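Engineer: Now for the letters of each chain:
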Amino acid sequence: MSDLSDLSDVSDAPDLSDLDELENKSIYIIREAYSRFRRRAVLWSIGKDSTTLVWLCRKAFFGRLPFPVMHIDTGRKFSEIYEFRNRKVAEWDLDLVVAQSDRASEQAPSFADKLECCTELKTNALKRAIAEHKFEALLLAIRRDEHGIRAKERFFSPRDAEFRWNYLDQPAEIWDQYATGAGEDTHVRIHPLLDWRELDVWRYVQREGIPVVSLYFARNGRRYRSIGCEPCCQPIASNAATIDAIVEELRTSRIAERSGRAQDKEQAFMMQKLRSLGYM
Amino acid sequence: MLLPPAFLPSSEITSLARAMDTEWLRIVVVGHVDHGKSSLIGRLLHESGALPDGRLEEIARGAQDGLPEWALLLDHFSEEREQERTIDSTQAFFATASRVYRIIDAPGHREFLKNMVTGAAQADAAILVVDVEAGVLEQTRRHVAMLAMLGLRCLIVAINKMDRVGGKRGPFDAVSSSVLALLRQADMTPQCVVPISAKHGWELAGHAPEIGWYDGPTLFEALDSLPKPAHLSSQPLRFPVQDVYEINGRKIIVGRIESGRIARGESLMCLPTGQTVRVATIEKFMEDRTSAKALESIGLTIEEPLHVERGMVLCDLKQPPRAAGQFEANVFWLARNGWARGDSLLLRCTTQQSPCQIERVRRRVNSSTFEVVEDDASHLDATEVAEVVLSLDQPIAVEEFGRGKPLRRFVLIKNGELSAGGTVTSAPRLAK
Numbered sequence: 001m002s003d004l005s006d007l008s009d010v011s012d013a014p015d016l017s018d019l020d021e022l023e024n025k026s027i028y029i030i031r032e033a034y035s036r037f038r039r040r041a042v043l044w045s046i047g048k049d050s051t052t053l054v055w056l057c058r059k060a061f062f063g064r065l066p067f068p069v070m071h072i073d074t075g076r077k078f079s080e081i082y083e084f085r086n087r088k089v090a091e092w093d094l095d096l097v098v099a100q101s102d103r104a105s106e107q108a109p110s111f112a113d114k115l116e117c118c119t120e121l122k123t124n125a126l127k128r129a130i131a132e133h134k135f136e137a138l139l140l141a142i143r144r145d146e147h148g149i150r151a152k153e154r155f156f157s158p159r160d161a162e163f164r165w166n167y168l169d170q171p172a173e174i175w176d177q178y179a180t181g182a183g184e185d186t187h188v189r190i191h192p193l194l195d196w197r198e199l200d201v202w203r204y205v206q207r208e209g210i211p212v213v214s215l216y217f218a219r220n221g222r223r224y225r226s227i228g229c230e231p232c233c234q235p236i237a238s239n240a241a242t243i244d245a246i247v248e249e250l251r252t253s254r255i256a257e258r259s260g261r262a263q264d265k266e267q268a269f270m271m272q273k274l275r276s277l278g279y280m
Numbered sequence: 001m002l003l004p005p006a007f008l009p010s011s012e013i014t015s016l017a018r019a020m021d022t023e024w025l026r027i028v029v030v031g032h033v034d035h036g037k038s039s040l041i042g043r044l045l046h047e048s049g050a051l052p053d054g055r056l057e058e059i060a061r062g063a064q065d066g067l068p069e070w071a072l073l074l075d076h077f078s079e080e081r082e083q084e085r086t087i088d089s090t091q092a093f094f095a096t097a098s099r100v101y102r103i104i105d106a107p108g109h110r111e112f113l114k115n116m117v118t119g120a121a122q123a124d125a126a127i128l129v130v131d132v133e134a135g136v137l138e139q140t141r142r143h144v145a146m147l148a149m150l151g152l153r154c155l156i157v158a159i160n161k162m163d164r165v166g167g168k169r170g171p172f173d174a175v176s177s178s179v180l181a182l183l184r185q186a187d188m189t190p191q192c193v194v195p196i197s198a199k200h201g202w203e204l205a206g207h208a209p210e211i212g213w214y215d216g217p218t219l220f221e222a223l224d225s226l227p228k229p230a231h232l233s234s235q236p237l238r239f240p241v242q243d244v245y246e247i248n249g250r251k252i253i254v255g256r257i258e259s260g261r262i263a264r265g266e267s268l269m270c271l272p273t274g275q276t277v278r279v280a281t282i283e284k285f286m287e288d289r290t291s292a293k294a295l296e297s298i299g300l301t302i303e304e305p306l307h308v309e310r311g312m313v314l315c316d317l318k319q320p321p322r323a324a325g326q327f328e329a330n331v332f333w334l335a336r337n338g339w340a341r342g343d344s345l346l347l348r349c350t351t352q353q354s355p356c357q358i359e360r361v362r363r364r365v366n367s368s369t370f371e372v373v374e375d376d377a378s379h380l381d382a383t384e385v386a387e388v389v390l391s392l393d394q395p396i397a398v399e400e401f402g403r404g405k406p407l408r409r410f411v412l413i414k415n416g417e418l419s420a421g422g423t424v425t426s427a428p429r430l431a432k
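Going line by line, the protein sequences match chains A and B. If you're matching positions, the first sequence starts at 1 in my numbering and goes up one per residue. If you're matching positions, the second sequence starts at 1 in my numbering and goes up one per residue.
Okay, chain B solo, but in the shape it has when bound (with noise of 0.2 Å):
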């Protein structure tokens, strides 16, 4: 890459701010509707110094306790102002002295579940949120039960609104135990639980007087010790083709590093075929690149003369994941229009797709209660999460369970929406 001097830190102050900028996380809050997501969200976004001049005074403009209405901050929609509930999840930004935060927020009511996930699946760790006078309620145990399907588990429990109970320990222990319990059904441990007030500022920045017993981390300093996602590109290569563009007589197969990385000169196995191909070159514009890594968008050229497409998966050798025509997979339903026996649904994972057919619903279960609600059930509501087979009517890469994410995660699209998402649990191998 030819860099421009302006890149070269000029300063000790231009590094120093360059170090700080480069290290960020994405986290959404979630929880029931009214527990006090946007609130918290506003209130993390003044703690911290985000907000441009005036919009403290712009939104405690008509509060009636003076205090600000913190929620005003993130719900831009005039329907979700005159409503008072968060319809669609947005993001917002704040910098602590380690690391950048991209906060998402989500919605906590239930018909807008989609829109919860949508912003869920982009997150590297959740805020739960829950009121610590109304307990777990039906959208925590759900919203639970989505960050588990995710596979999203890296997770800090926040119990809000101490201010109504007067910082006392007994109701937040009271609640603090049923969270525990609830995400131990879903096997998940919080990184910890934090005592809060998002109207009051308590527990987020610094230490509240009104919780002196209190004696673990703020939010800030939670937040600032959850770890990184882990390193991808430690693990077995996998690189879906994105595209194929001819550029001056080559072919060069474009596409996203998933996992692993690629070296020039390296063998690879082309998936579903199986063929082995070996890298020519690495492309990258004004670039010249020997290797590249998880989550670079690269181009390469083969030395075979074989014919790749979008959608087949270049993978390591020794470590290929297999190509499945049927799985078993957990999938969660997001569409207003459920599923029922017959429909034909398209499969979409990474950039491979097939139509395929739940081939069986071996259980279906509510995602709030956590209850079977029927086994070999025969159609699938909103909101419900269910054990299936899938049956593809060409085969497609997959990883099953415990293997990296990328090639285990897929959605399931009818009449051109995408309607759910799931993952791989288990994939029998083809018979050759």
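Looking at chain A on its own, in the form it has when it is part of the complex (with noise of 0.2 Å):
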């Protein structure tokens, strides 16, 4: 019988690697909240790991995303982020959606410092756009090993009517049971990669062979290791210029990964105070 030859197939069959196990609770959440919630988007910013949660989103969904990608665009990207987008939502199908900022086209706005400029240019435009397609769920790819505040998290995590994230009276969440009551004027925000770590994102880009924008790879003894907007982003030395020597360097890397973007650092706490305002 061909089941019972089937079942000796996997008799002896190993635990599932780390990055299996990874993956296929990625997919367990993404399918939790495209069950749980009616109005859902993945926010896109065309970085490595953001791109990952639309690769496993098209996993988890045998190819098709039946919800939209949201690409909050500042107008401050690099000219790459945009060719890459465009590329990859005709290759994939994606159903896209730009939030923008009015501000974001202003040639060189008067913003009192770092805070202000991603409160408007990000944060605002995420607001106006859940407001317009009444968004109940954004999935995000942050992850616990980004930044100290992110790795409080939950991966299903509310905000209120003014997208405050109330981190000092979180929701319990155990046993894969996760807070879907959000109501009128909330959202939730759901975290799918919070369990990853940066190398094993890289590792799994290598494994499945995910495209990921040119500005990663070593150009003349530098590379981008996190990408935001152009004015805020510094390359780091380095001479890895494909996957490969990506994941050899991050395998003795002692240099924080976001130690290149100049929002966090600004004032004791910006990470803090940015997320409490609904920055990602």
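A hint or two may mislead.
[Claimed, not checked] Residues of chain A placed beyond 12 Å of chain B at every Cβ, according to the derived structure:
1) Gly63
2) Arg144
3) Ala151
4) Arg164
5) Leu194
6) Met280
[To be verified] Below, computed lysine-lysine pairings styled on DSSO-like, alpha-carbon distance capped at 30 Å:
7) A:Lys88 / B:Lys318
8) A:Lys134 / B:Lys318
9) B:Lys228 / B:Lys318
10) A:Lys127 / A:Lys59
The hints are simulated quantities; they were obtained by calculation from the structure and are not laboratory data. What you are looking at is a predicted structure, and each value in this text was computed from that prediction instead of being measured. Think of the CB as a built atom: it goes at the ideal place given N, C-alpha and C, for glycine as much as any other residue.
Hints are included, so try docking the two chains, each in its own frame, into the full complex.
Structural biologist: Set out below in structure tokens:
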């Protein structure tokens, strides 16, 4: 009988590898988000993490995403990001929603500081898009190992109407039972990649052959390790010009991933302030 | 699966490094407030070389005695730093020569018990930290009770702040025996009891001359000797249906295999209806699969044109769980708002859910003293544990004590808030 031979195939099967375990848990969370909410979207910054999240969503739904991908376009992204985005939208048949602040097109906006700039161009653009599309759930590719504040997140993290994160009283989350009772004018942030490390993402990109923007690969001894708006991103010194080389570099690196990101560092507790105002 | 050539190890170094990364364990650090949980984790990150450049200097700045304040590595909220206490659980990573550790820091205050449980519920094993001077205190006991409720029995005890007693054996032995007595009450046996000083790094990565009398494992050695969690694939199949997708006219049943495995062509029981279905195909995007195993999120199609929906459970035909509308359970109440007779609750167990009532509270127990507060109680307060009888509007598939975990664990939702967790102890057979 065919089922008996099939069973013997797996009788000595090893446990899932760590990457398989991460992938399967993420797919479970993505499907849970889809099942528990009616209006959802995945935030896609076109960076390696959110591109991995879009890849996992394609796996979860057997090829085509049943909800839109949203790009928060500050008008200050690298040109490679726009080219990559438009190519993949066509190739993967994505339903793209672009969220943009009215001030994104200003040539030299006079923001007082980076907190105000990030809040206006990212958080407020997102607020407007959520209000317009009435999204109840947003999937985001943040990870615990990026920042100590993100490390404290839940997989399902409610936000109130003002986008506030009540981090001092987060819901209990046990045995894969997640908070879903958001209520009017609120939404839930869902974090399927929360458990992944930077190295895991790159090993997964390597294993799966996930396409990423060329900014990550070294040119003339420098590469971007974390990508956002062009004015606030600094490349790191690196000769890693391929995915294999990046994986090797990260195994031994002692430099923090977001060391090139200016908005985290302007003031003490900057990330906490940004996030409590609704930042990702 | 179509793999790019990059997947193949290109050199011995790459394949060795891959092997080093592929095993990991999740460890929660629990214990009373101020017994040094966050400090221990901070120090472990340092000893294992996991800290990025500049972080050590950052936390050493402003330290009164010149020694770094290790807890600052974990306590990132401004409120946590001002109040010098952990509010929510967090996670950090480090690797030893043999595996990767995901370390979960759990807050020690009573008021943050739901955060402690959120952290501990994700762990494979625990480190219980006890201050050698202070000994077993209220949250030491409560955390042990919560570990027992969560079914987390793989444990190392770390007796901390050994520098305060000059590394002496006497105080260590005294505290150690009271911890062992406490664990016996909870029916738990630790893998080992290690005397440490998180502040000075004693007995973490290497042996400390100050504790020369101790000949047991260092904390790193103790961690590396913890067994891996049991292999779930060898248990009977439990596949709770998460959703059903219609793709190109085919109905794909998706979900995660909680235990056991599924093969194409196999016949399965569908609960709670009890119908038999046969697996036509196993679906994973861009993969051609004939079988799948525990913890895989998969899709499958069945041969019968049956209605299948979220909350049904596909199971092993010969060893099915029990469909029950009423069962006995232990619950631990986490929400600030307690429970009172008549409250309407929603029970969730994997993807199954049903409105339910606590029919009876046989015993209401203080989770720190383990004393029975009341028999036949009509209310429960935050942090209390209880033996209860639950009755559900719709029967669900559950497992009794001693059987597989996934269908024994449930949570209770009150007013939209996850308020309690629990485990099934016994379920009567449904009358036919």
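Engineer: Hint by hint, where does the structure go against what was stated? Just the numbers, ascending.
Structural biologist: 1, 2, 3, 5, 7, 8
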